[in-house]
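K.L.:
Work the whole structure out from these sequences, hints included.
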Amino acid sequence: MIYLILLMLVLLPIFIYFPKPKQNMDHADCILVLGCPTHEDGSLCQTQIRRCKKAIDLWSKQKAPLIMISGGKAHNAICEAEAMAKYIHQSDPQIPILMETRAMNTYDNFKYSKQLCDQHQIHSIIVVTSTSHCRRSAYFARKFFDEFAMIGDDEPFSLKKRTREFFAKYNTLYCEIKIKLKKNRGSQH
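Each residue of the sequence shown is one higher than the last, beginning at 1 in this note's numbering.
Hints are computed from structural coordinates only; laboratory data are not their basis.
Built from N, CA and C at the ideal position, the CB exists for glycine as well.
Honestly, I wouldn't trust all of these hints.
[To be verified] Listed next, the in silico DSS-like pairs over lysine-lysine satisfying Cα-Cα at most 30 Å (straight line):
id : residue 1 : residue 2
1  : K180      : K161
2  : K73       : K53
3  : K63       : K73
4  : K143      : K53
5  : K111      : K182
6  : K73       : K86
7  : K61       : K22
8  : K160      : K20
9  : K22       : K161
10 : K143      : K183
11 : K73       : K161
12 : K111      : K53
13 : K22       : K111
14 : K160      : K111
15 : K22       : K180
16 : K161      : K114
17 : K114      : K143
18 : K161      : K20
19 : K160      : K183
20 : K111      : K61
21 : K53       : K161
22 : K182      : K143
23 : K114      : K61
24 : K20       : K53
25 : K178      : K160
26 : K160      : K143
27 : K22       : K63
28 : K180      : K86
29 : K182      : K53
[Said to hold, decoys possible] Pair by pair, the computed Cβ-Cβ distance ranges are:
id : residue 1 : residue 2 : range
30 : F167      : K86       : 28 to 36 Å
31 : Q115      : Y3        : 41 to 49 Å
32 : G42       : N105      : 43 to 51 Å
33 : G186      : Q46       : 37 to 45 Å
34 : F167      : N76       : 19 to 27 Å
35 : P96       : E176      : 48 to 56 Å
36 : S124      : D154      : 21 to 29 Å
P.N.:
Put into structure tokens, the structure is as follows:
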């Protein structure tokens, strides 16, 4: 019984701060594809390929007239957005693509994409990312967008990825608490 209570205490913050996001939107202004690192040789990893294919599928179903890809050179010298845009254009050169090339993490994906969206009068987005990444991505999307839906890329179940995301969610909560405490201390002076 004690283990069940401890498990609930560990999982409760995840479900409170990372609720299941909206997963369907009939139409949006843009499909936002979150980047992830390419291989060192510049070839796309399987996660990038799945995300690109999902975005192409949504675009071909006329869910949005435009695809935006977000991702900089976070883990190597290859720009994630540029590599993924090249892949999409090889599939269909007619697909209109915007690239956000400064993001180094999930928070940056939304921060910099929002700036680009504002420049192009984009108000609603369908976000494409890994299925295991949807809840944490939605947490950041809520900070910048009022209208969004999250679509997973149909990744196969991976305990390694789910575990990584579990700890990444707690890291996100830790950082948010630190920011709030810092703001509170700053407002008291």
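K.L.:
Determine for every hint whether it applies to the structure shown.
P.N.:
Consistency of the hints with the structure:
1. K180 to K161: Holds, because 28 Å separates the two Cα atoms, which is no more than 30 Å.
2. K73 to K53: Answer holds: K73 to K53 is near 21 Å, not above 30 Å.
3. K63 to K73: 29 Å, holds
4. K143 to K53: 27 Å, holds
5. K111 to K182: 21 Å, holds
6. K73 to K86: With a Cα-Cα distance of about 15 Å, the restraint between K73 and K86 holds, given a limit of 30 Å.
7. K61 to K22: 19 Å, holds
8. K160 to K20: 20 Å, holds
9. K22 to K161: Holds. K22 to K161 sits at ~21 Å (cutoff 30 Å).
10. K143 to K183: Judged against 30 Å, a Cα distance of about 17 Å means the pair holds.
11. K73 to K161: 21 Å, holds
12. K111 to K53: Measuring from Cα to Cα gives roughly 24 Å; hence the hint holds.
13. K22 to K111: Holds - the C-alpha atoms of K111 and K22 are around 20 Å apart, at most 30 Å.
14. K160 to K111: Between K160 and K111 the Cα gap is close to 27 Å, so the pair holds against 30 Å.
15. K22 to K180: 27 Å, holds
16. K161 to K114: With Cα atoms ~27 Å apart, K161 and K114 stay inside 30 Å; holds.
17. K114 to K143: 10 Å, holds
18. K161 to K20: 17 Å, holds
19. K160 to K183: 35 Å, violated
20. K111 to K61: Holds - the C-alpha atoms of K61 and K111 are around 27 Å apart, at most 30 Å.
21. K53 to K161: 20 Å, holds
22. K182 to K143: The given pair, whose Cα atoms are some 19 Å apart, holds under the 30 Å limit.
23. K114 to K61: Cα-Cα ~24 Å, so holds.
24. K20 to K53: The given pair, whose Cα atoms are some 23 Å apart, holds under the 30 Å limit.
25. K178 to K160: 27 Å, holds
26. K160 to K143: 27 Å, holds
27. K22 to K63: Roughly 15 Å between the alpha carbons, so the hint for K22 and K63 holds.
28. K180 to K86: At roughly 40 Å apart (the allowed maximum being 30 Å), K86 and K180 break the hint.
29. K182 to K53: 41 Å, violated
30. F167 to K86: 28 to 36 Å: 32 Å, holds
31. Q115 to Y3: 41 to 49 Å: 46 Å, holds
32. G42 to N105: 43 to 51 Å: Violated, since G42 and N105 (Cβ atoms, about 21 Å apart) do not stay within the stated range.
33. G186 to Q46: 37 to 45 Å: The hint (37 to 45 Å, Cβ to Cβ) holds, given that G186 and Q46 are roughly 44 Å apart.
34. F167 to N76: 19 to 27 Å: 23 Å, holds
35. P96 to E176: 48 to 56 Å: With a Cβ separation near 35 Å, P96 and E176 fall outside 48 to 56 Å, so the hint is violated.
36. S124 to D154: 21 to 29 Å: 22 Å, holds
The structure fails hints 19, 28, 29, 32, 35 (numbered hints given earlier, in ascending order).
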